[in-house]
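Protein chains: 2
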Amino acid sequence: MRRMNCLLRIACFICSALCLGNNLSAQTWIWYPGDYEIWLSNEMQNRRTERGTFFPVFWKIDNHYPLVDFHKVFDVSADEEVEIYVEGQYNVKLDGKAFEGYPQKIFVPAGRHKINIKVFNQKSVPAIFVRGKTIKSDSSWLLTYEDKEWIDETGKTSDISTTKWVNAGYWNFNTPEQLPSQFKLPVRPQDAVSMTAVGAGTLVDFGKETFGFIKLHKLKGKGKITVYYGESREEALDTAHTETFDKVYIDQKEGDFVFELSKAFRYVNIFTDPDVHFEKVSMLYEYADLEDKGSFRCNDEEINQIYEVAKYTFHLSTREFFIDGIKRDRWIWSGDAYQSYLMNYYLTNDNETVKRTILALRGKDPITSHINTIMDYTLYWFLSIYDYYLYSGDVSFVRNNYDRMKSLMHFVLGRRNKDGLLEGLPGDWVFIDWAEGLSKEGAVSFEQLLFARSLETMALVADIVGQQEDAQQYAKLAGDVRNKLFDIYWSQQKKAFVHSFVKGSPTHHVTRYANMFAIFFDYLSDEQKSFVKDSVLLNKRVPPITTPYMRFYELEALCALGEQSYVTQEMKSYWGGMLKLGATSFWEEYNPQKSGADHYAMYGRKYGKSLCHAWGASPLYLLGKYYLGVKPTSPGYATYTIEPALGGLKWMEGKVPTPNGNIEVYCSTTKLQVLSPVGIGKLILKSKIPPKCKDGIFVKRGDNLYELKIESNKRYQITYQAF
Amino acid sequence: MRRMNCLLRIACFICSALCLGNNLSAQTWIWYPGDYEIWLSNEMQNRRTERGTFFPVFWKIDNHYPLVDFHKVFDVSADEEVEIYVEGQYNVKLDGKAFEGYPQKIFVPAGRHKINIKVFNQKSVPAIFVRGKTIKSDSSWLLTYEDKEWIDETGKTSDISTTKWVNAGYWNFNTPEQLPSQFKLPVRPQDAVSMTAVGAGTLVDFGKETFGFIKLHKLKGKGKITVYYGESREEALDTAHTETFDKVYIDQKEGDFVFELSKAFRYVNIFTDPDVHFEKVSMLYEYADLEDKGSFRCNDEEINQIYEVAKYTFHLSTREFFIDGIKRDRWIWSGDAYQSYLMNYYLTNDNETVKRTILALRGKDPITSHINTIMDYTLYWFLSIYDYYLYSGDVSFVRNNYDRMKSLMHFVLGRRNKDGLLEGLPGDWVFIDWAEGLSKEGAVSFEQLLFARSLETMALVADIVGQQEDAQQYAKLAGDVRNKLFDIYWSQQKKAFVHSFVKGSPTHHVTRYANMFAIFFDYLSDEQKSFVKDSVLLNKRVPPITTPYMRFYELEALCALGEQSYVTQEMKSYWGGMLKLGATSFWEEYNPQKSGADHYAMYGRKYGKSLCHAWGASPLYLLGKYYLGVKPTSPGYATYTIEPALGGLKWMEGKVPTPNGNIEVYCSTTKLQVLSPVGIGKLILKSKIPPKCKDGIFVKRGDNLYELKIESNKRYQITYQAF
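Respectively, the protein sequence lines represent chains A and B.
Just so we're aligned, residue 115 is where the first sequence starts under the working numbering, counting upward by one.
Just so we're aligned, residue 115 is where the second sequence starts under the working numbering, counting upward by one.
Hints are not guaranteed to be accurate.
[To be verified] To spell it out: a stretch of chain A is covered by chain B in this simulated footprint if at least three of its residues, at any positions, have a beta carbon under 8 angstroms from a beta carbon of chain B; those stretches are:
#	stretch
1	203–210
2	214–224
3	232–241
4	477–486
Calculated from the structure, these hints are not laboratory results.
From a predicted model like this one, the values you see are computed outputs, not experimental measurements.
Note that the Cβ used here is the ideal one computed from N, Cα and C, for glycine as well.
Required output: the full structure, derived from the provided sequences and hints.
What follows is the structure in structure tokens.
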């Protein structure tokens with residue numbers, strides 16, 4: 115008896131200690147982690163239409179666990195009344211004893227108690243919201259989809275069921291009324307800029323690319339209404355080729371009418387049957403309500419405008435999840451999302467959208483195909499976890515995902531060819547980039563590079579979760595792939611990685627992909643880097659990149675090589691080029707050689723191209739990471755560097771968000787100012803003269819290279835002389 | 115060009131040939147095979163309540179694929195209008211070209227055409243119903259949950275996506291109005307036998323065990339109504355201990371009221387608040403509408419009554435699926451269902467309920483636990499496929515399930531101990547039987563027996579699907595386990611298998627389980643069989659079996675040994691014993707030593723026992739298979755034996771269903787009559803004199819043992835002399 119009490123006390127102590135952190139947070143709706151994310155992504159991704167036809171994804175989508183047990187042990191110092199809200203059919207147990215029916219309120223006496231809520235819901239995700247004085251639903255609750263509470267012939271419950279419990283998933287549904295299954299993005303009214311009769315139709319211009327629900331004011335009559343959506347005027351008018359339209363039949367007295375599906379457009383072209391009339395057209399702008407934390411401004415107004423349009427592009431493409439583009443797919447593509455994560459770290463820094471997108475992309479076991487069916491997209495998924503950990507320092511998310519990572523890597527390892535390389539097997543889409551004639555044959559060097567980095571991520575996370583044996587195994591595999599990369603693909607003659615390895619021989623073809631990634635992955639020696647710069651990046655004979663998608667990495671590589679001045683010019687000509695053509699958001703692809711409406715064509719369709727594509731917003735990332743020069747060097751900005759580079763600008767200023775506030779940087783050719791709320795920073799500065807700072811001492815690190823330790827919440831004002 | 119035409123003609127020919135068989139069938143709702151079965155089982159299994167509390171299962175339940183592509187290629191000789199009905203959001207393509215919107219009717223011109231319908235539905239199972247003159251939805255449509263229709267930069271769809279297509283699942287929803295998601299079992303009104311005031315309550319007796327919805331006639335007023343359900347009078351009256359009750363609050367003018375959940379009961383005890391009144395109580399009997407095809411009658415009225423009550427028990431426990439019992443679990447338990455399959459083959463012979471139950475039990479990958487968490491129940495699942503194939507000859511179901519079988523066996527093989535035996539690991543429930551003190555420690559002989567048989571089933575099916583390498587591997591594994599069974603567990607001293615193998619040594623304990631199964635699995639030599647009969651089956655020192663569950667196999671083993679006379683007496687004393695206690699359906703457990711209301715207790719609860727349990731209905735199987743003596747010897751009764759055994763009865767007559775009609779048998783001690791609509795039979799007869807038959811010639815097969823070949827649709831009238 116004595117011993118029992120003692121053990122209980124220890125258990126209580128452990129529980130109190132564990133609970134402490136979570137009692138601070140407010141109650142929130144919780145669910146099996148990943149399930150709501152999958153469910154919501156299914157809802158979102160199935161809103162795509164193409165010329166009035168429902169257009170779903172072509173890969174496997176998964177479903178939630180219909181039956182989930184939620185529990186937590188609480189120590190309550192006083193009696194407590196607890197409200198219970200549930201999405202689904204449920205039961206509630208207190209210390210193993212069930213309440214009758216579906217209680218909405220239970221009474222919990224003072225003491226140590228275990229509360230279980232078991233929920234069944236096939237239609238939407240089983241979710242609970244619990245609110246008492248101290249008893250609240252939050253991520254500290256433990257969940258399972260198989261509690262295995264079998265009994266013996268006497269009714270005794272099994273004690274060897276070895277059920278695996280995981281921490282609850284959640285978002286920000288913090289009141290009982292915010293049912294997760296009813297979630298909708300917010301909207302706000304937005305007026306049109308002009309409305310003109312063009313032929314039999316009414317052409318409405320909203321002044322810029324936008325997204326939402328068309329609203330017809332004072333609509334009345336009986337008949338058909340067709341709305342043709344156009345990202346361009348041409349598309350809206352060319353009704354035989356517009357990518358999206360909506361048709362409805364109405365029979366109503368005067369009243370406002372809002373279309374059911376949100377769509378992307380700048381223009382709409384509306385046709386009605388003769389008996390149908392409306393007064394005005396407006397829209398409900400639909401958006402994810404994310405705050406801009408990062409910022410960038412400089413003396414060059416074109417760059418400022420690029421930054422603003424990139425921000426708008428990013429916001430339009432950031433919805434329930436990070437999607438590719440708003441007109442067409444509205445799907446979560448892992449490679450596209452990967453860039454959104456990176457841009458997010460420099461603008462909105464919203465962990466929730468990152469985590470949600472990562473979970474939705476991962477889906478569930480069994481894995482029957484690559485993510486989005488694409489080999490490279492599976493590999494970006496691993497990389498995204500590496501980056502998320504680095505930028506957020508959120509170790510618990512990483513830890514909770516180790517099983518998901520491991521089974522996905524198991525799938526990947528099972529698809530190596532006899533040389534241990536990743537080669538497209540039947541059923542694998544080797545994407546790389548949209549580029550005419552790009553060979554996907556054999557084992558492509560670019561995929562091996564992503565593979566090596568993915569294995570390094572596995573080793574890192576295995577180490578975090580204390581799986582040392584796994585960590586060693588993954589590290590070894592990563593080393594093997596990295597060695598093969600150099601042994602097989604590095605050409606001393608070409609001074610670059612060649613594109614692929616086909617039928618036992620490396621090809622002679624050089625493409626930019628593996629070469630540019632190898633730079634910012636830091637896989638190359640300084641000598642190799644300078645080879646690659648000249649023989650690939652600045653070599654016009656190597657096929658150019660035409661998508662902002664791969665421009666992202668190409669310019670990143672150049673920035674990593676210190677070529678910001680070159681990048682500034684590229685940015686101005688490429689993104690500035692789109693602006694000069696009237697772009698109000700950045701495109702899926704831009705080829706300066708094209709002209710007029712030819713710019714809108716893609717995939718063999720006149721308006722197939724998306725004029726608002728997340729991957730077009732990369733200046734957000736480049737300007738934050740390689741101009742302001744702020745990047746974490748250990749998880750969550752515990753340490754970080756600031757290495758400003760004006761790239762030809764006269765001055766720039768901006769903020770880079772961290773988990774604990776923004777790092778602020780101002781930089782001109784002679785003055786520099788830094789303020790950070792977090793960690794220990796290292797300011798790295800190139801200066802013609804030894805820089806001066808009254809609050810710190812610069813250490814010389816090389817020719818004209820100086821370093822200053824940045825402590826948190828101290829404003830550093832520095833004078834120096836830029837090159 | 116010439117060559118292309120030729121190839122096309124071949125393709126057309128193949129398609130025509132393939133389609134021919136299916137055009138004969140009517141259109142029906144179709145879905146991804148297994149998905150509707152899982153969805154419906156989730157609905158059904160979550161109707162359990164215990165004392166007013168929702169009581170879900172404790173294992174993982176799965177969910178349907180939310181996105182499914184359906185297609186078929188048709189050759190239509192004339193233009194055709196085709197109606198399309200869909201559960202979910204969908205698109206329709208003809209030869210790859212999408213129709214706008216959600217077409218309810220499409221026009222298909224004469225010629226060869228491919229129709230695709232792609233459906234998204236998270237709430238319930240994506241399903242379609244297609245009706246044209248020749249274009250119809252049926253099981254010949256091909257389905258996938260990942261069509262992998264990715265495109266290249268020109269818009270061309272991939273030709274290396276290697277999508278796996280499977281034949282559609284279906285049931286009997288043959289009109290557009292019969293939406294699968296709205297399925298309900300039929301009901302019919304049934305009156306009560308008596309209604310008496312007992313204390314403050316109204317006790318209503320329905321005369322026998324029944325199942326359905328309580329209906330209160332002319333109910334009016336405002337207040338609470340509580341209905342206590344009792345399988346016994348005691349249970350209905352003992353409101354503090356009744357296993358199930360329903361409470362509702364009403365506020366209504368006079369009108370009939372039907373309770374929402376169907377329940378099991380003979381009695382209900384109804385309490386109302388003072389302001390609530392009703393005139394009469396009746397019920398809506400809820401049932402699966404399966405026809406009795408098999409029958410049995412004999413001179414012994416007690417046996418006839420046992421057969422009738424077994425039939426009723428079987429029908430009550432046969433619902434959307436084969437469930438265990440109607441009062442309590444209402445769940446699909448693999449071991450229980452396994453017996454229902456066997457009984458079904460001798461009574462209703464409904465393939466659909468068997469297939470549905472097998473698919474629901476299997477669920478989906480990944481497998482995280484044994485079926486129902488129970489090791490033996492996973493193994494019965496394999497056996498059920500073996501039996502289904504034998505009784506139905508339905509090779510396509512078996513073939514379509516090979517992948518499911520293989521991955522489940524992969525799970526099982528992964529849980530062997532170092533000796534290659536199945537031993538309960540943490541998380542495994544080793545059930546065997548409800549028997550006090552039955553050891554589950556170590557590797558139990560009974561589990562190895564089921565394991566060997568499961569591996570034999572794998573080898574059989576691998577061979578059917580043409581996976582010769584798999585077949586050889588499984589056959590080898592089966593042989594290994596079978597050898598170990600004899601090497602490790604067979605005791606020359608005990609002349610029996612011992613119960614288990616613990617810490618490297620066989621135990622000395624003998625139980626009935628492995629021994630009795632080994633007899634009808636035909637694993638024993640004749641000498642071993644006779645040992646087992648004396649040292650185990652007829653040995654009162656070996657712990658007796660008290661559940662009808664294991665009585666099923668015990669009596670089967672005795673029948674297989676020719677001990678029908680003994681079995682008749684056992685049947686009369688055991689099942690007859692329940693009848694003498696007033697049973698109107700057969701129980702979960704019966705211990706003749708108990709008395710009065712003690713019979714109703716189980717699991718430490720006063721009325722915990724189920725008084726209508728499927729496994730109580732085994733006489734259906736025993737009388738058909740071992741008295742009428744009819745059993746298939748090759749799939750679908752292509753060949754079969756008839757080996758009548760009166761077991762002490764004076765005469766018996768009955769029918770045994772086959773896929774092509776009933777085999778009819780009449781047998782007295784001197785006369786025998788046989789008529790079969792199917793296959794080639796072998797009548798095996800013991801007779802004191804050489805039997806005579808004018809339509810066939812008996813061949814002598816041993817001492818007093820004669821054999822006659824039975825051809826289909828010939829009536830054989832035989833005179834003989836029984837022992």
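Now the hints, each set against the structure:
1. 203–210: Coverage by chain B holds here, the residue count being 3 at a Cβ distance below 8 angstroms.
2. 214–224: Per the Cβ count (3), the hint holds.
3. 232–241: Holds: 5 residues of the stretch 232–241 of chain A have a Cβ under 8 angstroms from chain B.
4. 477–486: holds (count 4)
In this structure, every one of the numbered hints holds.
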